[in-house]
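Q: When you get a sec, could you build the whole thing from the sequences and use the hints?
These are the residues of each chain, in order.
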Amino acid sequence: MIIRPFTKSYGGAPVLDFPGASLPEGEVCAVIGANGSGKSTLARIVAGAMASDQGRPVLEQAGPVGYLPQRPYPFQMTVEGNLLLNAPGGRADARRRAAELMEQLEIAHLARKKAHHLSGGETARMALARLLMRRYALLILDEPTAAMDIRSTSLTEALVDRYRRETGCAVLWITHSLKQAQRTADTVLFLLRGRLAEAGPMTRLLSAPTTPELRQFLDFYGA
Amino acid sequence: MRTALEQAVQLVLSGDYQLINIISVTLQMSIPSSVISLILGVPLGVLLAFCSFRGKGALVILNRTLMGLPPVVCGLLCYMLFSGVGPFRHFRLMYTIPLMIIAQVILITPIVIGNMESFAQRITPAVRETARGLGLGRGRTFLLLVSETRYQVFSTYLLGFARSIAEVGAVSMVGGAIAYKTNVMTTAIMNYTNRGDFTLGVALGVILLAMSLVLNLTVSLIQGRLSR
Ligand SMILES: Nc1ncnc2c1ncn2[C@@H]1O[C@H](COP(=O)(O)OP(=O)(O)OP(=O)(O)O)[C@@H](O)[C@H]1O
Ligand SMILES: [Mg+2]
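So the protein sequences, as listed, match chains A and B.
Sequential numbering of the first sequence, starting at 1, is according to this note's numbering.
Sequential numbering of the second sequence, starting at 1001, is according to this note's numbering.
Be careful, since some hints might not be right.
Partner residues are not named here, just some residues of chain A that face chain B (Cβ under 8 Å, in silico) [stated by the list, open to error]: (1) Arg71; (2) Pro72; (3) Leu84; (4) Asn86; (5) Arg134.
Covered by chain B, according to a simulated footprint, are these stretches of chain A (three or more residues, beta-carbon under 8 Å) [stated by the list, open to error]: (6) 43-52; (7) 56-67.
Not close to chain B: a few residues of chain A, all C-beta gaps over 10 Å, as computed [unchecked claim]: (8) Leu110; (9) Ala111; (10) Ala127; (11) Arg130; (12) Glu166; (13) Leu178; (14) Leu192; (15) Gly194; (16) Glu198; (17) Gly200.
By construction, these hints were calculated from the structure, which means they are not laboratory data.
Just so you know, even glycine gets a beta-carbon here, dropped at the ideal spot from N, CA and C.
A: Written out as structure tokens, the structure is:
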């Protein structure tokens, strides 16, 4: 799957100048970078939730895209209702799938609870389960574990890994955590103040960062 | 004040025919006009928040202007349209409850639209982004947005009803405050006051407030039930 080059500015101020990238099927690509470096902007535009300056879609399309925003919206209904919102096909199948996902993220006991009453980490797990009700060719996750504790984080990483193996989708995973990127990703995009400073295989980037900025970032975030 | 309260209670207990009629006319006007305004204004308000198109800003400003439309101007407009020389005179609606309802719908619908729009536009970006991420279509997304505004509908209805029941300028112009036909609480209070019958006026005012209280209690009870 190919992301075409594009730029994005908010009200005339440029925030992202992206030279393009390719996301191989079945692989996880981590996006790392400091606050405000343009990670969410990249996610939104690739997901088609926002237009780039060029206007046209930036993905050379190959199937449906699933996107988890940094702050997903809990619809004012039960947790299970939220999951069933995103259910293709029969009701019985959807219920089974929902139950399975809630089990895997350990929110089965919250199924009947109103989604807008959930805690931060619970909301994040509900939103991920809701997203994974369907099959996508590309999965975009914007800091899915930022609000989660260690256990939920590890459940999430396991679930996404399983989903990727089962569907063969590509994953674009935005994270602050270098450790998480190391655990989950095959390749890395390093954003620096709205530019793609480095891109390549995870292992090479970690062992031999070419830019001083990435070296600094790695030192600071403790890879 | 004490005598007014006593008189209010006495009036209600005595089942005074004229009072019953005034209350009945008031409700025959206020309930339909607030409900119709709600049915028109809720989808329009949410739609206005949901859609983006050229001239949307101007439309929002126009609606805000209409929210401030003075009732007497609305009454005047309806008068010119429906009276003996107006283009709609054949409907023969002058000095009837239906025309009072029409005038109130013109006054209240912009308020409903504005109230719903300003609430919906706050949650629209988040709802839209999440729905888009799930791959839901425009139609589904709009319905979800409407459903997210459902608790706001209650308070908006109360606002519309309050405006309707308290309104006097437009209804007295197009209704004429005819006893046993188009005389509502507010116009009756004006009449009593003009006659110097303050106690009866105050008594009616107390009853008006009590009605508003009962409605507010009912709606918040329903709202509490539903949101649990
Ligand atoms: N709607 C907007 N209007 C104006 N500026 C914006 C808007 N959205 C984002 N920006 C700016 O664009 C830059 C990139 O924002 P973005 O949300 O992509 O950062 P991020 O890398 O996701 O940061 P974080 O790690 O905090 O989530 C920031 O400087 C931000 O202030
Ligand atoms: Mg972000």
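Q: Examine each Cβ of chain B, and state whether all of them lie more than 10 Å from the Cβ of Ala111/A.
A: Nearest chain B Cβ is 17 Å from Ala111/A, so the label holds.
Q: If I take the minimum Cβ distance from Leu178/A to any residue of chain B, is it greater than 10 Å?
A: holds, 25 Å
Q: Is it correct that the beta-carbon of Arg130/A has no partner in chain B closer than or equal to 10 Å?
A: Since the minimum Cβ distance to chain B is about 7 Å, Arg130/A lies within 10 Å and the statement is violated.
Q: Minimum Cβ separation between Glu166/A and chain B greater than 10 Å?
A: About 18 Å separates Glu166/A from the closest Cβ of chain B, which puts it past 10 Å; holds.
Q: Residue count check for the stretch 56-67 of chain A against chain B: does it reach three with CB-CB under 8 Å?
A: holds (count 4)
Q: So is Leu192/A really clear of chain B, every C-beta pair being over 10 Å apart?
A: holds, 25 Å
Q: Go check the stretch 43-52 of chain A versus chain B for me, would you? Three or more residues, Cβ under 8 Å, otherwise it fails.
A: Coverage by chain B holds for the stretch 43-52 of chain A (4 residues, Cβ < 8 Å).
Q: So Gly200/A supposedly isn't at the interface. Is its beta-carbon more than 10 Å from every beta-carbon in chain B?
A: Nearest chain B Cβ is 28 Å from Gly200/A, so the label holds.
Q: Taking the closest pair, is the beta carbon of Leu110/A still more than 10 Å from chain B?
A: holds, 16 Å
Q: Taking 8 Å as the limit, does the beta-carbon of Leu84/A come near enough to a beta-carbon in chain B?
A: violated, 12 Å
Q: Using the nearest Cβ pair, does Arg134/A come within less than 8 Å of chain B?
A: holds, 7 Å
Q: Please check whether the beta-carbon of Ala127/A is more than 10 Å away from every beta-carbon in chain B.
A: Nearest chain B Cβ is 8 Å from Ala127/A, so the label is violated.
Hints 3, 10, 11, counting from the list given before, are not met by this structure.
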